[in-house]
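Go ahead and model the full structure; you've got the sequences and the hints to work with.
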Amino acid sequence: MKHIHDMIIIGGGPAGYTAALYAARAGLDTLIIEKMSAGGQMALTDIIDNYPGFDGGIDGFTLGMQMQAGAERFGAKTEYAEVLSVDLLPEIKKITTDAGDYFSRTVVIATGAGPKALGLKEEEALVGRGVHYCAHCDGRFYKNKIVMVVGGGNSAVSDALYLSRLAKKVYLVHRRDTLRATKIYHEPLMKTENTEFIWNSAVSALLAGERLNGVRVKNLKTDEEREFSVDGLFISIGRKPATELFSDVLSLDEAGYIIADETTKTNIPGVYAVGDVRTKALRQVVTAASDGAVAAHFAEEYLFSNHSK
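One point on numbering: in our numbering, the residue at position 290 of the sequence shown is 284, and numbering is uninterrupted.
No wet-lab data here; the hints were simulated from the structure.
Each residue gets a CB set at the ideal place from its N, CA and C atoms; glycine is no exception.
There may be inaccurate statements among the hints.
Result set (BS3-like, lysine-lysine): computed pairs, CA atoms no more than 27 Å apart in a straight line [as the list claims (entries may be wrong)]: (1) Lys163 <-> Lys115; (2) Lys177 <-> Lys274; (3) Lys234 <-> Lys115; (4) Lys110 <-> Lys212; (5) Lys110 <-> Lys(-4); (6) Lys139 <-> Lys212; (7) Lys163 <-> Lys185; (8) Lys110 <-> Lys137; (9) Lys274 <-> Lys234; (10) Lys259 <-> Lys71; (11) Lys259 <-> Lys212; (12) Lys185 <-> Lys212.
What follows is a list of derived Cβ distance ranges for each label pair [claimed, not checked]: (13) Gly94 <-> Ser245: 26 to 32 Å; (14) Glu256 <-> Thr176: 22 to 28 Å; (15) Asn138 <-> Gly94: 23 to 29 Å; (16) Ser245 <-> Thr176: 23 to 29 Å; (17) Lys29 <-> Glu181: 20 to 26 Å; (18) Lys110 <-> Thr257: 53 to 59 Å.
As structure tokens, then:
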């Protein structure tokens, strides 16, 4: 006899473990399937200063472990496995992993979204040692230092503006000669005295010893290259949602995010999308946690209205 869970959550980040906490506390048989470790992308953040309740900040790994412990306190279970395929259309949904098959009446997708990388040699090795993808997470380490931001959209310009209030000098590198960001973002940045724009350019190499100490920038029109001494590089060229497993059955927007409103409901009954993987205006730990609570509420409502439990 196969065991059928009330809820399976794919992804153990803040959205996933908040959904697990609320579901398990409501008495639902809840399983979290996580590929790596509790916390998701959050676990890679050294200090989180903007999650309520921690007046001295907290590192992402510790917060992730505490969220896991909170959910498991009420009976939620965690399985460390990689999801290989899903069958979400039947009433009893099937999740196939490298550790076996799991079945559930509802599924919460909390697979998150990762930052797009430049794809340069040594980039991955330098993450956390001068290379970053979240200015609001790691910018505080570069007070009165020299940093560079790569990108030209709203996120990049917002990052550069934030860093301009901390760093001694901010370089903003963009592939075009104008920013793609809306005026509400880039007009204040244009007025900062410590920001220098490097147009029609791209970072072509990272210079480092034990940590990043500089970058090489190539002008895309002239092919001329220049080297800049920088303490930190913040890459903000977009994010890629982890939705490959669901693209055939769930409705996605043009950027690949799962279409789900503030109810977190997807186009399939009993399937919910939470956190960074869904369409939303702000992707932060606190909004991910909020999604998890909402998904658990509507999943519980779905289960009892369909007499599935």
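Quiz item: Against which earlier hints does the structure fall short, listed by number upward?
Solution: 5, 11, 15, 17 and 18
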